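Protein chains: 4
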Amino acid sequence: MEILGGPLFAVAGAGESHGPGVTTIVFGCPGGLRIRREEVQRYLDRRRPGSNRHGTPRQEADRVVLLSGLYAEGEIDCLLSGPAVSIGGGADSATESYEEGFSTGEPIAALVLSTSQRSRHYDQFAGPKGQVRPGHTDLVKYHKSKGFVDIRGGGRSSYRSTISDVIGGSIARIFLNEQFGTVILSSISQVGPLRTELSLAQHFASVAQQQRSQTITPEQIAAVEEKLDSAEIRSLDAEFAQEAGELIKRTRIDGDSLGAAVEVVAVNPPSLVGEPLYQSLKVRLMGVLGGLNAVQSCEVGDGVQVIARKGSENNDPIRQSGYQANSHGGLIGGVTTGSPLVCRVGFKPTSTILKTQHSVRKNLEEIDFALDRGRHDPCVGVRAGVTLESRLAIELMNAALMHQSGRVDASNFKLF
Amino acid sequence: MEILGGPLFAVAGAGESHGPGVTTIVFGCPGGLRIRREEVQRYLDRRRPGSNRHGTPRQEADRVVLLSGLYAEGEIDCLLSGPAVSIGGGADSATESYEEGFSTGEPIAALVLSTSQRSRHYDQFAGPKGQVRPGHTDLVKYHKSKGFVDIRGGGRSSYRSTISDVIGGSIARIFLNEQFGTVILSSISQVGPLRTELSLAQHFASVAQQQRSQTITPEQIAAVEEKLDSAEIRSLDAEFAQEAGELIKRTRIDGDSLGAAVEVVAVNPPSLVGEPLYQSLKVRLMGVLGGLNAVQSCEVGDGVQVIARKGSENNDPIRQSGYQANSHGGLIGGVTTGSPLVCRVGFKPTSTILKTQHSVRKNLEEIDFALDRGRHDPCVGVRAGVTLESRLAIELMNAALMHQSGRVDASNFKLF
Amino acid sequence: MEILGGPLFAVAGAGESHGPGVTTIVFGCPGGLRIRREEVQRYLDRRRPGSNRHGTPRQEADRVVLLSGLYAEGEIDCLLSGPAVSIGGGADSATESYEEGFSTGEPIAALVLSTSQRSRHYDQFAGPKGQVRPGHTDLVKYHKSKGFVDIRGGGRSSYRSTISDVIGGSIARIFLNEQFGTVILSSISQVGPLRTELSLAQHFASVAQQQRSQTITPEQIAAVEEKLDSAEIRSLDAEFAQEAGELIKRTRIDGDSLGAAVEVVAVNPPSLVGEPLYQSLKVRLMGVLGGLNAVQSCEVGDGVQVIARKGSENNDPIRQSGYQANSHGGLIGGVTTGSPLVCRVGFKPTSTILKTQHSVRKNLEEIDFALDRGRHDPCVGVRAGVTLESRLAIELMNAALMHQSGRVDASNFKLF
Amino acid sequence: MEILGGPLFAVAGAGESHGPGVTTIVFGCPGGLRIRREEVQRYLDRRRPGSNRHGTPRQEADRVVLLSGLYAEGEIDCLLSGPAVSIGGGADSATESYEEGFSTGEPIAALVLSTSQRSRHYDQFAGPKGQVRPGHTDLVKYHKSKGFVDIRGGGRSSYRSTISDVIGGSIARIFLNEQFGTVILSSISQVGPLRTELSLAQHFASVAQQQRSQTITPEQIAAVEEKLDSAEIRSLDAEFAQEAGELIKRTRIDGDSLGAAVEVVAVNPPSLVGEPLYQSLKVRLMGVLGGLNAVQSCEVGDGVQVIARKGSENNDPIRQSGYQANSHGGLIGGVTTGSPLVCRVGFKPTSTILKTQHSVRKNLEEIDFALDRGRHDPCVGVRAGVTLESRLAIELMNAALMHQSGRVDASNFKLF
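Residue numbers (my numbering), protein chains in the order written: chain A, 3 to 418; chain B, 3 to 418; chain C, 3 to 418; chain D, 3 to 418.
Simulated from the structure, these hints should not be mistaken for lab results. You may find that some hints are simply not true.
Pairs count within a copy or across copies, as identical chains cannot be separated in the list.
Unchecked claim - Cross-link-like lysine-lysine pairs, in silico, PhoX-like; alpha carbons within 20 angstroms at most:
1) 251 - 357
2) 312 - 251
3) 148 - 131
4) 312 - 131
5) 229 - 131
6) 416 - 357
7) 131 - 416
8) 312 - 357
9) 131 - 251
10) 148 - 416
11) 148 - 229
All values reported here derive from a predicted model rather than from experimental measurement.
Sequences and hints are given; from them, build the entire structure.
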C-alpha cells in the first residue's frame, strides 16, 4: 500500500504526473484541530512547479480542495465556502468544498487536479521500442508492470506525487505546532560542488547555548524563515544561494544538471517520541527522507562526519537544561531528546539532461539517446525542501501519537 | 487507518454522508487488468439510494470518476473520455477523467460527489444539547471526538461511506472473474420474521452434485442473476421477495423498521487461498462482513445450524471431484477448498424510526426522543447486498495475491 | 504475519501441535504493569488439555516461562526466580527466567514446551498417499504448502497454537482490570441440541438495571465466577452443564462429536474505544472470535435474534445512567458504550470422529476413511472459552490504546 | 510492533542484553526451503561477542535452537536431533529441537539464551538518582517508560537484540541464494580517520564490465569472501584492515572509541523488486540500515559523492548486458535493476568511553560521569557487518515476495 507514516497518522496518495489529478487521504488526525485550506495551499505553493526561478518551467495552479474529515457546528456555511467541485459539468453536478473547519478524527481527503495543457506526444517512449531515459524509472517500471505503465512525464514516479506528502505534512505541521510549538524548516546546503558552512542545526544550537534553553521562540524562528524566504534559493546563506542560483542557470543552458543537499530541521520537537529499535523514529526518518525520489544519502545529526571522530569528541554533554551539543541530531536510541531533529539529504543530479547518452529501448536494443523534447529541471533539490519537511512532520506526528497511546488516562474512557 | 483488506489489495475511503463527496483509493491491483468506468458505475448503481423501491428516498446520481492508476498506450484519447472534473469553475480548471484503461499497478483513485440538495437544519442534533437517536452512533462519536463530529446524516458512519467498498470491490470482482471465473452474488433470505428456505449455497451445491463438478458455468450464473434482478427485493425466492416487499411498505407507513439477513456467495473461488490461523480468510471475512454497520451476526457455511449437529452429520464427504457438501462454506482452516464461499449476515432493524423513544441529549439530560424530520430507510438489508459482495471480493483478492506471493517463479525477476 | 491484534497491542505466535514448543511474543504492553508468571499460568491451565473432564485425554504440563520485557529495579533476584531454562544440557547452558516484574514496554516473550510423549506413527497421513481426515485442514494445507506441511496432530492448525492467544490475553486482562476494572468471562450456552436460556449478558443487564449503574462490583463478578468454576462444564447454568456433560460422555463412547456455543462477555469495559468503520471494534471482534478454528458463527449482542425484530422493539433506551438494555452488545458503530461487551460464538462438532467416512488421499484417490488411532476431543467448545476471552481482551486492549493515542497531553512529551 | 521487514517476510524479536534470552519469530518463509540450524548458527557466530579480536570481551556461546516451522516427512528423527531444550529441569520437562528441515510456511521460532555470568551490580545506573551515560539511551528510555526500564547493559537497546536480525537474515539469505543466486557481503571501509578506497561495489563493477555480464559466479564470490575472512578486520583491503586493527587496539587502551563505515552489497540480486514510491526498496533499506543503533548516515550507490556531480557524469549508461556503471547502487526508482545493491553505513564512535564526561542523573541533577566498571567495545562497526547484511536480506526477500504477488498464475490456485 502506498502509505506514508502510520499506523496512527498516515497519508495515502494516488495520481500520475500527467493524469487527471493527485488524490490524497490523510488518516488519524485527532479531532479538534482547526485546519484552513489556505494553510495547506501555502505549503503546496512552495512545492509547485513554477513557484521558483530555478525549477521546471511547468505551470500548474495546484489548487487544493478539501473533501472530508472537517466540520464545525453552526458554521456550516462558512465551512463550505471552499472552491466548488464538479463532475461532468452542469449545475446539479457540483458541490462545495471545505474552506476551513475542525478535524473530526475521520479521514481528510484532498484533491489537486492537473489542468495545465499537456503535450500528447510520447512516441519516443511508447511501446516495446520506446526509448529509455538513463537514470529514470522507464526501464524497470516497464518490465515490472509487464508494459502497463503510464509513460507520460514519469507517471506516478514523478515529483508531482509529492503533492500528497505536502498535504499530509501540512496537517501534521499544524498539529505539531499547536501541541508542542514545533516548526519544521529546511535549508539548501550544497548545489553541485558549491557548499555552505551555515546550517540550521548549528544556528539553533548556538541560540540554545546562549539562552541556556532549547526552546526556540516564534520570533527567533520567524527571523530564520525570513532569511530562507528572501534568498535566491531557499538557504540560510544568502551569498551561497546567489552563487548557486547562477550555477543552476548556467547548467540549465548547458543542458546538464546538478546534485544538491538539503538540511531539514524540526525545532522544538516533542521529547520522548519514537519507538525504540525496529520502528524507531530514526528508522522511519531515514526511510522516508532517504527514500525520496533522487535521494542517495541521508544523515542524522552530524552524519558522515561522526565516523572520523573519537567518542570523547562526539558524545554530547548533558546538563540540566538539555544536551549541550547536537551531534546526535535530536535522536538517541531512535527517541527524541528535545534537541532539534536534524537530517541532511543528498540528491543526485537530475537524470534528465540534454546530452546524448548510451541507452536502450525497452526491448533492450541499444541506442544513443537524446531527448526529443521535454521540460527540464536542472536541480531537483531546489524545491524538494518542502517535501522533506512534510515527510518529517508526518513521521513525527505519528510517533507522537504512538507515544501518547502508552500513557493511558482512565478519564478519557468514560461515557456515562 | 481506514483501510479495507490489505496488505496487498486494499481500499482506503474518506467522506461523510452530507459532505462534499466520497473519495476512494484502491491499492494493489496488479498491472494489466482492463477496467471500464461503466462497470464500476454499474455496481455503484445497485448501492445507490433510490435505486430500489424499498430503500431511502434520497436521490443521488453517484456518478463515479476514475482519476489515476489506469493507462493504455496509444489509446490515450479514448482513455480520457470519462466525465470532466473541475475545481472552482472556469475552463482552465477542468480535466478529463478515465473512461477505461489497463491497471498499471499504481493506486486507482475514484471520486463520487454528493450533489443532492441537502437540508441544512440539524438543530435537533447540534451541540452539547443535541439529541441522541437511539441505536445510532450520535452519543459515542460525540464524546469520542470531544464534540468535533459531523452530525449531518450520520456523518462518516452513514451507509454512504460504503461507496468506497463498492468501488474497491468492483475492481476486485473484475480481477477475480478474469483470473478464476469467480462471481459473487447475494440473496436476501430474511426480512423481519419472514424467511425463505431457498439459498444460493443450496442451489449451487445441487448443481455441483448433479454435474459432478464444482465449476459453475456462466450460463448457470446468469440464470441466477436474472432471478435476483427480477425479484421485488434481491432474493432467489420471488414469492418471499414479494411478501417481504409488502411488509417493508407497511412497516415504513408504520414508522417502524425491520431486520434482515443476506446470504453472500462466491462461486468458482480460487482454491488454496487464505492464510491459516490469525489472518485466515475466515478471520478476515467474519470481520469485514460481520463488522459492517448494523450487522449483528455473521455465519460461514451452515452457520449456527452446525452447533446442534453431530460430527458424523456435519463433516462434508470428499470425492475426487471435490467436497460433496458445503456445510463448511468453502473454507477449511480458513483456506478455500474451491467449494463456493458462503456467508450469511444478519442486520438489525434500522435504528431510525418515527416512534417516540427514551433517550438523552449529548450532555446526558434525559428526553423523550422523536425525530423532527429525516429520511427513513425501513430495512437496510435491502440494499446491503452489493456492499457485502464487495467486501468479500476485496478480501478474496487480497488472499489470492497473498497465496501467489509464496509461489516464487524466478522467471519473473529478470530484466537483462 | 501471524499476529493477533495490533497495531498497538499485538501477539505473535509460532509452534505446532507436536513440535518442540509454542513461542509467543507480546508487543505493546505499556510500561509499569505488574505481571506475575503464576497469573499467566492460571489462564493457561484453563486452556490445557486434561484440565477438564470432557476434553482430550492428552496430558501436558504447559508450564510457561517469561523471557523478556519485565524488570524491577532492586528486585532482580526475586524477578529471576522463575523456572530455569536450558539448551543442550550442562550447567553453563542454563538461565533463570522471570517469576514476576513490571512491564517495560518492550516485547514480552514466553515459551511453553511440548514435553508429553508423542507417538511417532503418522503413516496414515504421510506423503501424497496420506489420508485426509474430513473436516480437517489436511488436504488444503498439503496442497497450499506443496507438501511441506507438518502432519503431526494438526500441526500449526491445532488448538495448541492458542497457547499464544491465552498468554497475550492474560497480559491484556491484567492491564484492562488494573486500568478500568474490566473482567472477561465466558459461559457455555449450547452443547449439541441442548441449550440454556441463562446468559451472562442477561444476568449483568439485570444487575445493572436493579442498581441503576452499569458498574459491576468485584463481589458480583466473583459470585458469577464461582458458579462457572463449579459447574460440570463452564456454564452459568449448573443443570444444563450437568446434562451437557453426560451428553459429551455418551457421544465420546459413540465415537461421535458435538457442536457448542459459548457466550463471551467483558464486564466494565472502557467506554469510547474502537475505531469507527473499517477497523471498528466490531470488525475486529467478529474477526478474531468468528475466525477461530472450528467456529462457524459469531454474534454481537442479541445476534441473530435481532433480524426478526422491529426497530421499536430493538433500539435500547438511553438514560443518564447508561443504556437501559443491551441488545447492542456494548458496541454502537463499533465503539464501546460502557455496557458489557457481548459476543456469542458457535462451534461446529469436532471433525475427528471414529466413524468411517468418504474421503480421499492427498493425491485425490478416493477412500473410506477410518482413523487408525488418535486422541479424540468430542466437543471443542468445552475448553475454547479461555481462548475466546483472551482474543477479546487482546482486541479490547489494542482499541483502548488506539483511543488514548488521539488524546494528546503535552505534559507527556517533556524531558528537560 | 517490533517487526523488521514485512508485510510478507518479517522478523519479530524480543529480549534484553542481560535478560534470560533473545526470542525470534520469522514469518513468511515460503514452504519447501531446506534450513539447517548450523547455517543459522554460522551467521550468529559472526555476530557473537568474542568472535572477533576487536569486539567486546564478553563471551557467549549464543547457541541457537529452532522450535517451529520446519518439517520433513519420514525424517522426523533426524529433524529432531537439535539441542534439547528444557524448562525447570527434570527429564520430563525437556524436548528436542530441529537440527534441520524444510520450511512449511508457518512461523519459525528460534531461541538464544544468555548464559554468561552477569554482574548484578548496576547501582551506578539504578533509580531516579541513577547516572546517565552520554550517548546512550539511559535518559530517554528512563523517562519514556516512566522509570520501568531494564538498565542492565543497555537492556533491549543493546546490540544483543540484533540476534533476531541475524536469525531472520540467515533464512532470507538461504532463500535468496537458492532462488536467485544472491549473496550478501560487507566490507569495512573506514575506521575513525582511516579509509580504504577499495570497495565491493567497485570490485564487482569491474568484474561485470570485464566479463560483460552482471552475473557473478560462486567462485568469484568465494574469492572475495576469503579476503574478507582473512583480514584483521572484515575488509576487502588487508592493509587497511591491519592498520585499523592497530588503531582500535590503541584506542581501547586509551579508553576512547572510534566511528566506522561499512559497505554492504547484495550480488546477483533479483531484478524488478521493490514497490515504487512510499514503500520502495530504497525507503525500506535506508530505514533498516540507516536506523540501526549507532548509525548516523546511510548512502545508496555512490551516496554523498553524487551531490557534487553533473548529470552527464552521474547517469549510468545502459547496454544490452545491463547498466554499465553502478552509481545508482542497484536501485532506480526504488526498484532493483539487477546491478549489485550497494549501501554504505556510517557508525558513530561507541558511546561508552572511559573518560570523564558532563552528564546528569536521571532526575537531571548534574554530575561528572565516569564509568565504574563495564565492558567496552571501542568500535561497534567491527562486528556490525553481519547485522547490516541480515537486514538487507530481510528487506530484499520481502520485496521479492511482494513482486511475485502481482504475477498471478492461475495454476497455483487449483485443488481438485
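Hint-by-hint comparison with the structure:
no. : hint      : verdict
1   : 251 - 357 : within (16 angstroms within a copy, 51 angstroms between copies)
2   : 312 - 251 : between (41 angstroms within a copy, 13 angstroms between copies)
3   : 148 - 131 : within (14 angstroms within a copy, 40 angstroms between copies)
4   : 312 - 131 : neither (55 angstroms within a copy, 28 angstroms between copies)
5   : 229 - 131 : neither (49 angstroms within a copy, 44 angstroms between copies)
6   : 416 - 357 : neither (67 angstroms within a copy, 29 angstroms between copies)
7   : 131 - 416 : between (65 angstroms within a copy, 18 angstroms between copies)
8   : 312 - 357 : between (45 angstroms within a copy, 11 angstroms between copies)
9   : 131 - 251 : neither (34 angstroms within a copy, 59 angstroms between copies)
10  : 148 - 416 : between (54 angstroms within a copy, 12 angstroms between copies)
11  : 148 - 229 : neither (48 angstroms within a copy, 40 angstroms between copies)
Checked against the numbered hints listed earlier, the structure breaks hints 4, 5, 6, 9 and 11; every other hint is satisfied.
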